[in-house]
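Line by line, the protein sequences are chains A and B.
Just so we're aligned, residue 211 is where the first sequence starts under this note's numbering, counting upward by one.
Just so we're aligned, residue 70 is where the second sequence starts under this note's numbering, counting upward by one.
Fair warning: there could be bad hints in the mix.
Unchecked claim - The list that follows gives simulated cross-link-like pairs (lysine-lysine, DSSO-like), each with its CA atoms no further than 30 Å apart: (1) A:496 x A:609; (2) A:563 x A:295; (3) A:295 x A:388; (4) A:651 x A:547; (5) A:525 x B:73; (6) B:73 x A:651.
To be verified - Partner residues are not named here, just some residues of chain A that face chain B (Cβ under 10 Å, in silico): (7) 237; (8) 238; (9) 249.
No lab work stands behind these hints, which were simulated from the structure alone.
Being a predicted model, the structure only gives us computed values, none of them experimental.
Using N, Cα and C, we set each Cβ at its ideal position, and we do this for glycine too.
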Amino acid sequence: MDTPLAWADHRIFSGSGENFIFAVEEASLFSLTREARETLSRWRTSESIELDRMPSPDLEVLEGLRDAQILFPASREKALPPQLKPAEVPLSTLVLEVAQDCNLRCTYCYADGGTYGAAPCLLAPETARRAVRYLLDNSGDRDHVTLIFFGGEPLLNMQAVRTATREAISYGRKMGKKVHFSLTTNGTLLDAEIVAFLHANHVSVAVSMDGPRDIHDHNRPDESGNGSYSEIVSRLAPLFEDASVPVAARVTLAPDQWHRVVEVFDHLTGLGFHEVGIAPVSPVSKALLPTAGQDASLLEGFGLLAGRFVAHARKGLVMPFSNILDLLGRIHLGQTKSLSCGAGFGYMAVDAKGGFFPCHRLTGEADFCTGNLETGINTDRINSCLGSLNEGREESCSKCWARTLCAGGCHYENHLRENHLGLPRGTSCKFIRSWLDLGMKTYAELRTDGAIEAMGRRLAQRAQC
Amino acid sequence: MKKKRPIQALNEKARAIQSLAEGEEKSVEALQEGPPAMPVGCTTIFDTGWETNPRPTYPIGNCQSSAKDFHGCAGDCWWPAQVPDGLTNHEDFDKQCPNVARDWRLIKYD
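Work out the full structure: start from the sequences and follow the hints.
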């Protein structure tokens, strides 16, 4: 008698006339012939499969499914995902809130005009220096770490940016570690001197721009209500010229702008950005919550961009759409997650007063303050505050096919929806699943016509960084 | 033309899983189809590389001497190796572990 086999969690789907199966626990993706899909449909409701009792026409498919570990010995206990503890993960990335102040007044800002709900405040250079040392001292055996300059508008405090950069290079050298720098700016304060500094230190720059003038000016006015589009565009050329690392546009769109994502993407690549990433706005108020129709319009736009990505890939070109590149990279490797992101697990933010938070978006939320530069990071506190946010989520996640790719979604987004707006759990699940579904279909399409081969390494590198 | 496999790996993870299974299959095929001059007995320095279990039975893929212990020492055999009682309490003990390299954690007999 053969060992009885049981079904691993899986999802069957179709795209471009082909059938596919995604094994949830492993995040492995296979194509199925029509016959294999038919055989699978016949047997997938059987609780137990004994291969030596199966009719021979079905045997080849069922053996293939066993080899793919979609059928596994029923006696095998289900492996639990590894339970990481924040204290066991050395720091890899530190976000410095160098300026909790901003010269713009973006309509959707989650940081209350850059201040994160407090009085405007700049990070003192000495605090910046200490934070950099804290990152390097607590980075364990990692030989590369990342320092992110964030705000508010970080260019309002170039003194802290310069001090932190110098310290990271010199202290990093002493410790035999390399520091990567990244900076997110609204672009209005870029000048020749700053651009030269960014280039010289290989800083990855993301400029927040929301697309064509009308959208951008509506979303991102200055303190007197004037749009900031012209101010930024006039300062971009030197940034693109001789850039040693790609310059990205970081787009935020409100639900009533989601139907214009393709136009936004085209506009920004047209301006010369090397890469464009588009984020739906976080619902800081109920007014920014999308309707089902708006969700559908965003997915439709992303779908059109994914289609163009495939067409480019067939010509050997990589379309610089960050969202799909990141997702395809993870699907390509079959990366599974037991945590939705690195917040609190190697990734931390320091606010302008030296307080630690699990991520830049949770900065200023008193419930999520998890230590300071004096006392160090309180890892128990990270566990408890993120734990309370995720309490009860496992139940619904355990039934979801997307769980190993999503692992619960963005903490901050969940916090806004559930704690601030009082919505029930899981209001963004449908959108996330649809987006992951689009990524899988796009990947399957690229794989079946071989277009992914050329970009496989690049995708893998992207997913691993 | 080679017949299309009914289940084809697409991403890297799927490839790794399928090639793991292929590797196992091949070692069994090689041993089943090859000349019957398989070395038997304990592993010596002369038969390195041919140390895997030559029988088409479980446990597939472990070293020959351990496979011999695993089966040969069960039941009425006198050899005092640590195997479960295959006569009365754990008749199908070896079925828990169809492949030693992959499933060794499943062996839970006392």
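Hints, one by one, checked against the model:
With a CA separation close to 28 Å, the supplied pair residue 496 (chain A) and residue 609 (chain A) stays within the 30 Å bound. For the suggested pair residue 563 (chain A) and residue 295 (chain A), the alpha carbons sit about 26 Å apart, so the restraint of at most 30 Å is met. Taking the CA atoms of residue 295 (chain A) and residue 388 (chain A), the gap is near 25 Å; set against the 30 Å cutoff, the hint holds. At roughly 20 Å between alpha-carbon atoms, residue 651 (chain A) and residue 547 (chain A) fall within 30 Å of each other, so this suggested pair holds.
With a CA separation close to 26 Å, the supplied pair residue 525 (chain A) and residue 73 (chain B) stays within the 30 Å bound. For a cut-off of 30 Å, the pair hint linking residue 73 (chain B) to residue 651 (chain A) stands: about 21 Å separates their Cα positions. Look at residue 237 (chain A): its Cβ gets to within about 6 Å of chain B, closer than 10 Å, so that hint holds up. Because the closest C-beta pair between residue 238 (chain A) and chain B is about 4 Å apart, less than 10 Å, the hint holds.
For residue 249 (chain A), the interface hint holds, the least distance from its beta-carbon to any beta-carbon of chain B being 8 Å, beneath 10 Å.
Violated hints: none; the structure is consistent with every hint.
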